Amino acid sequence: MSFSRTVSLAVIFLLLVALHYTLQPVLAWRASIDFLVIALLLVAVRTRPGAAALAGFALGLLSDSLTPESFGAGALAMTIVGFGASWLKAAFFADNIALNGVFIFAGKWAFDTIFLLAEHRLQGTNLLVQLLLWSPLAAAATAAAGLVVLLTVRPVLGAPRA
Amino acid sequence: MRRPARTNPRVDLVLAAACGLTALVCLVLPAPARNTAAAALRTTLVAPLASMQVKAELSRRAFLAHDAALRIVDSVTLRSQRLTGVEEENERLRKLLGLASALKWGFIPAEALQGRGLGDDFTVTLSAGKNAGVESLSPVVTAEGLVGMVERADDSFSLAIFWPHPDFRVSAVAADGSAFGIVTGHRAEGASKYFLELHSVPLRSPLKAGTLVVSSGLGGVYPRGIPIGVVVSEMKTTEGFAKSYLMRPMVSLPDISSVFILTPERARSGVENVWATGTNVDSVRKAIVAAGDSMRIRRDTIAKTPVKRDTLAKPSVKRDTLAKPPVKRDTAAKTPVKPDSSAKTPGKRMP
Numbered sequence: 001m002s003f004s005r006t007v008s009l010a011v012i013f014l015l016l017v018a019l020h021y022t023l024q025p026v027l028a029w030r031a032s033i034d035f036l037v038i039a040l041l042l043v044a045v046r047t048r049p050g051a052a053a054l055a056g057f058a059l060g061l062l063s064d065s066l067t068p069e070s071f072g073a074g075a076l077a078m079t080i081v082g083f084g085a086s087w088l089k090a091a092f093f094a095d096n097i098a099l100n101g102v103f104i105f106a107g108k109w110a111f112d113t114i115f116l117l118a119e120h121r122l123q124g125t126n127l128l129v130q131l132l133l134w135s136p137l138a139a140a141a142t143a144a145a146g147l148v149v150l151l152t153v154r155p156v157l158g159a160p161r162a
Numbered sequence: 001m002r003r004p005a006r007t008n009p010r011v012d013l014v015l016a017a018a019c020g021l022t023a024l025v026c027l028v029l030p031a032p033a034r035n036t037a038a039a040a041l042r043t044t045l046v047a048p049l050a051s052m053q054v055k056a057e058l059s060r061r062a063f064l065a066h067d068a069a070l071r072i073v074d075s076v077t078l079r080s081q082r083l084t085g086v087e088e089e090n091e092r093l094r095k096l097l098g099l100a101s102a103l104k105w106g107f108i109p110a111e112a113l114q115g116r117g118l119g120d121d122f123t124v125t126l127s128a129g130k131n132a133g134v135e136s137l138s139p140v141v142t143a144e145g146l147v148g149m150v151e152r153a154d155d156s157f158s159l160a161i162f163w164p165h166p167d168f169r170v171s172a173v174a175a176d177g178s179a180f181g182i183v184t185g186h187r188a189e190g191a192s193k194y195f196l197e198l199h200s201v202p203l204r205s206p207l208k209a210g211t212l213v214v215s216s217g218l219g220g221v222y223p224r225g226i227p228i229g230v231v232v233s234e235m236k237t238t239e240g241f242a243k244s245y246l247m248r249p250m251v252s253l254p255d256i257s258s259v260f261i262l263t264p265e266r267a268r269s270g271v272e273n274v275w276a277t278g279t280n281v282d283s284v285r286k287a288i289v290a291a292g293d294s295m296r297i298r299r300d301t302i303a304k305t306p307v308k309r310d311t312l313a314k315p316s317v318k319r320d321t322l323a324k325p326p327v328k329r330d331t332a333a334k335t336p337v338k339p340d341s342s343a344k345t346p347g348k349r350m351p
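Chains as they are written, first to last, in the numbering used here: chain H, 1 to 162; chain V, 1 to 351.
Extracted from the complex, chain V is given alone in its bound form:
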């Protein structure tokens, strides 16, 4: 290993000593003098470096603030999602209130306590039982339509089956009364099991996609007029004497939280106009909106049309016409017989 070739090591030592001494002097300077010297450096040589340091600090703070802001955004997003859920629940409750006012009597409100165990996808425990007046085979409905029926009623709770349940059957009819059939759950795997099937529809009564199917009232369990589903398409079956249709249910299972249980008396008295009332109310609302629009258009039209003063000032009746006598005096004064004619007869002598 070679030693470095140093020229004038004494110079190096002197330089180092001078630097060290100056540094020591800086250390023992009185505070005002130190501040003055430091300020002089800060405002000249160190200014760009200090500026870079400030920017670096700001960058770091911005980076950290970004994380904090991101957390806040996440929190707000989560809250807004919860708010959406609350709004949806409010909407469902409003619909239920509307259904309650339409039903007026003979229903028991209940909360659906859905199980999460395997095999109980299509059953639900309702928070109302015999003490509240619930009986077995009572229809369970929501504002959208039919949910299922009470299978067993305990004192405080009851067990209901949904429409996808294998035991679910309801006699149904097209809303226009054109075809009858039996609605059951769709026997399929995966998401398709949440569809319905309409069986035993006569060949002479084909149904179009979009046709609303309601309960027919036959069978004594479900009163007539509860919406069940909408026809999606015809199904290929081996039945030669009838048709089957795939239906989309009116009630979505995940949306079921609050339901109404119809009492047997209410079911017997019929609910045919209850869901139709909703339709009527909707029609009336649309009609009112349309009428409002029409009135607004007319008002705007009138406001835009200039009024002709001369036309208004012009009398509708002509005075001259009224003043004109219907009978001409000259004509009346004229005598039909001329006396002078008889008087002026020439004297012809009799022979």
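This is chain H alone, in the form it adopts within the complex:
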């Protein structure tokens, strides 16, 4: 990846992180868009799995710092999702909108699942409702927003390397 594309990717990554802390609180949806996951997946498909895992870990720690009760859960979930996304990118990140949508949907749902299981706050029915109802809805919203982001940044970043 060229230097200019690397800079562009960093800028878009930061923009998405900023959006997560500005737009998401304004929307305040129960099934909210996770711009951090979008940012991580955007980076993951363009970097090696180790770097993606590191980026996920960093993002997770940042988000965990605002919720000390689950400190580390987000880092763990983001690390796994980042590493997995980078490892699976060849399979999913062809020039296919539907596949990209499924990829983001799966990434967000996987993150929520790992996060909820790791933090041990929700249990029983509440955990099931969250995992089977709200998490898929949030994953769908994130996938929709992620597709918009991907289509927007594709002219700048180009197709991910396969």
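Calculated from the structure, these hints are not laboratory results.
For clarity, every value in this text was computed on a predicted model and none was experimentally measured.
We put the beta carbon where it would ideally sit given N, CA and C, even for glycine.
Don't take each hint at face value.
Claimed, not checked - Here are some chain V residues the structure puts well away from chain H; computed CB gaps all over 12 Å: (1) 52; (2) 111; (3) 165; (4) 268.
What the hints assert, rightly or not - Taking CB as the label site, the calculated pair distances span: (5) 60/V to 4/H: 32 to 42 Å; (6) 8/H to 74/V: 44 to 54 Å; (7) 80/V to 102/H: 38 to 48 Å; (8) 10/H to 40/V: 52 to 62 Å.
Claimed, not checked - Computed list of chain H residues with no C-beta within reach of chain V, every gap over 10 Å: (9) 109; (10) 122; (11) 152; (12) 156.
Position chain V against the provided structure of chain H, taking the given hints into account.
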């Protein structure tokens, strides 16, 4: 589909494992240690993000509060509009009280229950009937002037016609007595139907715009002196021997809620000074206000004018003038006859 060219996949795995392990360690850290680590991140790297989140939350709250504030403003506006209606009603009732005190006797207060059906725009049901002393052909008035007359009286209610009704007729005269005529409703469509017409005014008695027209007392239904309307303009008619005028009614139909029904005895005894009393009272009020203003101006003038002590101390009468005797002693003492003259006559001997 090409596989990604990965260099050192073991490094990637090691990195990922290290990150995962560190995250697990963070998960199992004791609470004080977790809080310390989270606080360190919050106050450094995450501080700008947390600040943005706080601002976003505040923006959202402000947005929601704006909606709530808007609802409150709407509610207050609605209340203020209702308050305006109440104030207007109070004003009307005060005027009616003034009219009641001017009439003193021979009237029946009633509420106008206006119908909303087609064709009954100009009739009204009044909440007083024969039991209250209402009779047919009784004039219906408000503080502003003539409304109409009772067409039919039942026991508890009565039916009255307004001035736009086709059957409405009243003999009228200019307030200064210069011209007589007949007032009817204005035959027109739309909003113009709420005007009046003054017919059969002699050619020799032209009326100017703004002339007040009152009931003349002729005809026996309406006593003289009830304000009917104000001349707006002359109407073009085919009548060659008389003029017709368009009039603006004194009473606005939408404002009619409480009315007075004059009893036949009261109508016969006359009400000529009742509405004029209102004018007189208004004049007196204006005169009192003007007098008050004048007194205030004089008081201010006096307060501003410096007083000259010397002028006040100066006696108005000159003492010397008073002390001065009116008669001069020397003049009085002077004898008009000189004795020496006769005594000193030279001795001339007779020849």
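Quiz item: Is the Cβ of residue 122/H farther than 10 Å from every Cβ of chain V?
Solution: Per Cβ check, residue 122/H is outside 10 Å of chain V; nearest 15 Å; holds.
Practice problem: Could you say whether the range 32 to 42 Å given as a hint is met by the Cβ separation of residue 60/V and residue 4/H? | Solution: Distance hint for residue 60/V, residue 4/H holds at roughly 36 Å.
Quiz item: Regarding the assertion that residue 109/H does not contact chain V, is the least Cβ-Cβ distance greater than 10 Å?
Solution: With a cut-off of 10 Å, residue 109/H remains clear of chain V, as the shortest Cβ separation is near 19 Å.
Practice problem: Mind verifying the non-interface call on residue 165/V? Its CB should be farther than 12 Å from each CB in chain H. | Solution: holds (63 Å)
Quiz item: Within 38 to 48 Å or not, the Cβ separation of residue 80/V and residue 102/H?
Solution: violated (58 Å)
Exercise. Please test the hint of 44 to 54 Å on the beta carbon pair from residue 8/H and residue 74/V.
Key: Because 48 Å falls inside the window, the suggested range holds.
Exercise. Return holds or violated for the Cβ distance of residue 10/H and residue 40/V against the range 52 to 62 Å.
Key: violated (24 Å)
Self-check item: Non-interface claim for residue 156/H, where every Cβ of chain V lies beyond 10 Å
Solution: holds (21 Å)
Exercise. Against chain H, does residue 268/V hold up as non-interface, every C-beta pair farther apart than 12 Å?
Key: holds (78 Å)
Self-check item: Consistency of the no-contact label for residue 52/V, given chain H and a CB cut of 12 Å
Solution: It is violated; residue 52/V is separated from chain H by about 5 Å at its closest Cβ, not greater than 12 Å.
Self-check item: Non-interface claim for residue 152/H versus chain V (Cβ beyond 10 Å)
Solution: At roughly 21 Å from the nearest Cβ of chain V, residue 152/H sits farther out than 10 Å, so the non-interface label holds.
Self-check item: Whether residue 111/V stays farther than 12 Å from all C-beta atoms of chain H, as the label says
Solution: holds (54 Å)
Hints 1, 7, 8 from the earlier list are contradicted by this structure; the remaining hints agree with it.
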